[in-house]
Amino acid sequence: MPELAKFRKDAWEAFEQSGLPTTRQEEWKYTSLARIGSTLGETWWTAAAPASLADSDIEALAVPGLDAWRIVFANGRLLQGATKLPDGASLTPLSELLADNEQQAAKALGWEADAPLFNAAIAANSALAEDGLCLCLADGVKLDKPIYMLHIAVGKGASHLRHGLWLGRQAEAHVIEHYAGVNEEPGLTHAVTLVHLGEGAQLNHDRLQDESLKQFHLGRLDVSQSRDSNLTSHAIALGASLSRLDIAVSLAEAGASCRLNGLYMPTGRQHCDHHTQIDHRAPHCTSREHYRGVLDGRAHGVFNGKVIVHKGASGTDSAQSNANLLLSDKAEIDAKPELVIHHDDVKAAHGCTVGQLDDKQLFYLKTRGISDEEARQMLTFAFADTVLTGISLMPLRRFIEKAAFSKLPLGMDAEAMLG
Amino acid sequence: MLKIENLHASVDGKKILKGINLTVKPGEVHAIMGPNGSGKSTLSNVIAGRDGYEVTAGSVSFHGQDLLAMQPEERAWAGVFLAFQYPVEIPGVNNVYLLKAGLNARRRHQGLEELDAMEFMQLVREKAKMVGLDPAFLSRGVNEGFSGGEKKRNEIFQMAVLEPSLAILDETDSGLDIDALRVVAGGVNKLRAADRSVVMVTHYQRLLDYIEPDLVHVLVDGRILKTGDRNLALELEKRGYDWVREEAHA
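Line by line, the protein sequences give chains A and B.
Sequential numbering from 1 applies to the first sequence in this note's numbering.
Sequential numbering from 1 applies to the second sequence in this note's numbering.
Just chain A, same shape as in the assembly:
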């Protein structure tokens, strides 16, 4: 049996044995995936039927005004976007690689025989992913436009996606993953992105999850970084009934740095979980992490930020902060920063807050003639926007700001507020 096929078969068997993670596992303590099975049925992983979408449907969901190479996936399958990139860069749909070049598919997507299976959820993805995107940049190749991947879920069933971003030495790219959908029926998006950054490579990665409130979303971003490489990540979660995103960054060689920013805004009965792990494995690496949450209604948020400083990682410089705003007394957040240090001579700080709006700021705004409700909305938005101001592409930032704004309790004029 060819190696890739065997790997996928093994992955499936591993998954079958363990099933999805349960709340008995520490990493999944606050997030029960039982609802996926009870809502979607026993074979919840069954792939959604291929969907065709009219251009107008796509435009209605896409970020407008974005000058980017756009790739569209519908229900986990490539729909649009055979894009020709500059020399030294290739963008190949996984479905194509699986048919023509299994070896390359295996390499770009971490499907080598000895690859860890991570956990059962990833194993299922390894076994089931049918499509995705393999971006390979040769040494020194710098893309002058971002790559914009729009994923649309339509109808019931599951979308299993696997992306691989492979950046050679000194290569540079900006990749946007946008998960959208207006599903009336419950579905599952399961998307795993593996990233390798070569020496001195730079990746700007924006991930926007704004799926329909019927959708379940499981996501993972797994990054390994070589010497002096740099990752900037924004993870924004607004949609889905239940979502879980794992981000794991391995600072594997000296001088690597990463910046992880995130915003989650669950409302109603949404459940939204972010688990991040940064491994400082080499000397003189830097990590910065800033996650914020705004929770309303009966929403439940989970944030777990783990930073591990391994033996030998001298000169580590790490700072993490997580701030949460609870707009309702029925909303809940389980926030846990975790710092594990196995080496002296490191600089590591973390802070975590859970609170309500600041009374002094509220009073100040009201004395200027702003009504109580409007003042609350302004301050809430300002709290969230602190994360969004880091997004370098203005059309994307504005798009996310408007989407975030529309989740706030009042319909204040976003255009006016954003100027």
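Since the hints were made in silico from the structure, they are not lab data.
What you are looking at is a predicted structure, and each value in this text was computed from that prediction instead of being measured.
Since no wrong hints were added, every one of them can be taken at face value.
Below, a list of computed lysine to aspartate or glutamate pairs in the DMTMM-like style, where the Cα atoms sit at most 25 Å apart:
1. K14(B) x D359(A)
2. K142(A) x E253(A)
3. K190(B) x E163(B)
4. K151(B) x D359(A)
5. K402(A) x D116(B)
Which residues of chain B face chain A? A few of them, derived with a C-beta cut under 8 Å, are:
6. A48
7. R50
8. D51
9. P72
10. A76
11. W77
12. V88
13. G92
14. A101
15. G102
16. A105
Here are some chain B residues pointing at chain A (derived, C-beta under 10 Å):
17. G49
18. Q71
19. R75
20. L82
21. Y86
22. N104
Quick reminder that beta carbons are idealized off the backbone N, C-alpha and C, glycines included.
Fit chain B to the given chain A structure using the hints.
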């Protein structure tokens, strides 16, 4: 315009104001001076409507309306403005946006048309020039990263844009160097008008060198013990506050 009668107020059960009487007529500038802890800031906060101040007796009326029954934003719509002693920083809320929202809310309540973006920007530029505020500050978050002096100047700038009929300046001079004080005072003077009153709460008489008050009140232990003209401030500067207390008890 403003009429305070027998005002008593407590904070956390502690009596701070113990019977304030004060009448401010249109166009007048009043200075309220007093030592630390005399109740000056409590008086400002009670007029502006801050939470946590319990009025136990007395009344405050403004243009004949019961001010104490109104929310802080309703007081702003009625024309009351408080320039804060310690203006808060509000990152993420744009200075100009705040003012536009505030001004137009007030105009709506006055039955006036809202200003459009262009009219508003014109007004803002004009007022920024008037108080010597660097236009670069306009697009920043409210007081975000401003120095102490810049914050105070921003308060006066906001007052210039909102054009209140009653402005309370709470220790506006504190933390200002002499140049900044001159600019801030110049801004206040330009805003003096027949239908606009100003109440300056201050510890030092230095501000009064630049903004000439019609009346000076001495607030000690929660009561106004003495009222006089500009010369009273000079006397306080020379002799301190103890003699006022002694005179009152004599």
